[in-house]
Amino acid sequence: MKEVTPHQMEELWEEDLLQRYPEEGKPAKSKEEFRNYDDPKRETVKEFYRVNHLHQTYDFVLAKEREFLKFDRKEMTLWEAVEFLNTLVDDSDPDTDLDQTQHLLQTSEAIRADGHPDWFVLTGFLHDLGKVLCLFGEPQWCVVGDTFPVGCKHSDKIVYPEFFDANPDSKDGRYNTKYGVYEPNCGLDNVHLSWGHDEYIYQIMKNYLPEEGLAMLRYHSFYSQHRENAYSHLMNKDDHKLFEWVNKFNPYDLYSKAAVPPNVKELRPYYEDLASKFLPDTLKF
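Using the UniProt record's numbering, the first residue of the sequence shown is number 1, and each one after it goes up by one.
Everything labelled a hint here was simulated from the structure, so no lab data went into it. On a predicted model such as this, the values are computed, not experimentally measured, just so you know. All C-beta atoms, glycine included, are put in the ideal place defined by N, C-alpha and C. Some hints here could point you the wrong way.
Between beta-carbon pairs, the in silico distance windows are [said to hold, decoys possible]:
(1) Leu254 to Ser170: 44 to 54 Å
(2) Asn185 to Arg50: 28 to 38 Å
(3) Glu75 to Arg42: 34 to 44 Å
(4) Gly137 to Glu43: 37 to 47 Å
(5) Lys157 to Asp281: 22 to 32 Å
(6) Lys153 to Arg268: 24 to 34 Å
(7) Asp156 to Ser276: 39 to 49 Å
(8) Lys70 to Pro251: 26 to 36 Å
(9) Tyr160 to Glu272: 23 to 33 Å
(10) Pro280 to Pro117: 16 to 26 Å
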């Protein structure tokens, strides 16, 4: 896994998602249709989740929240942040010539083409911006990947659930019961999710976007709930309503990649104007 770049790991994770959750109404892709790197894809993703599931403990997540939610790493305009994220693209990667800006625009432009509200379009553009965590030295296993609650029993609906056997929380009576440290239907606002780019960008945008957009940011990788319904016992009525928007967003996240990349130069003025409606001049990361 050490030899796989962050961008490659993102591609492998997304391909794994497409195999697990093929687009509705379309047949699943064959293994031959997915990219291959020097290491077999399945083993690379499996190792990624082994490390992720080992280390994403309740105490680890609280420590990361204390460390990063001070937002004292870097202050940037939105476009500076996007260009900063572009440095994640490895020039030696043979499988893509798209930078991160184009990846973000593919999602947001698909949303815009379907006539959704402007805050929805902006959310699509922002949803992966939290991956700047990689540029702050965070390892890939706590930046990308499926997210899940910590502080309670791990669901067997999470990808590779067997790897949680090595997680210390699975042996800790405070955290290994159905509700753990939480109360029934306490609401996901009161639940700590595994640390990664979703939680990070959600926290950065918390004061700026409608709650529907914030739910899309925070829960777009929470597949064990929005695809498997494994944690409804922690959700309240408001969460269920918000997940209707998460489900609207998910197809744009997974299935919006176009053969022709978006023209960043032409689209930049539109997105700068759009951001100015909702966001301050600079954002703290």
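Do the Cβ positions of Lys153 and Arg268 conform to the proposed distance bound of 24 to 34 Å?
violated (46 Å)
**Study point:** Satisfaction of the hinted span 37 to 47 Å by the C-beta atoms belonging to Gly137 and Glu43
**Key:** violated (25 Å)
May I ask you to test the hint 16 to 26 Å on the CB atoms belonging to Pro280 and Pro117? Holds, at about 20 Å.
Tyr160 paired with Glu272, Cβ distance criterion 23 to 33 Å: violated (41 Å)
Check the following: the C-beta atoms of Asp156 and Ser276 are separated by a distance inside 39 to 49 Å. For Asp156 and Ser276 the Cβ distance comes to about 45 Å; the hint holds.
| query | Does the hinted range 44 to 54 Å hold for Leu254 and Ser170 at CB? | reply | violated (29 Å)
Range agreement (Cβ of Arg50 with Cβ of Asn185, hint 28 to 38 Å) | Given a distance of about 32 Å, which is inside 28 to 38 Å, the answer is holds.
- [ ] Could you see if the CB distance from Lys70 to Pro251 stays within 26 to 36 Å?
- [x] holds (35 Å)
For the range 34 to 44 Å, tell me whether the beta carbons of Glu75 and Arg42 fit it or not. Cβ of Glu75 to Cβ of Arg42: about 40 Å, so the range 34 to 44 Å holds.
Check your understanding: Do Lys157 and Asp281 keep their Cβ atoms within the hinted range of 22 to 32 Å?
Key -> Hint violated: Cβ distance 42 Å, outside 22 to 32 Å.
Violated hints, listed in ascending order, are 1, 4, 5, 6, 9; each of the other numbered hints is respected by the structure.
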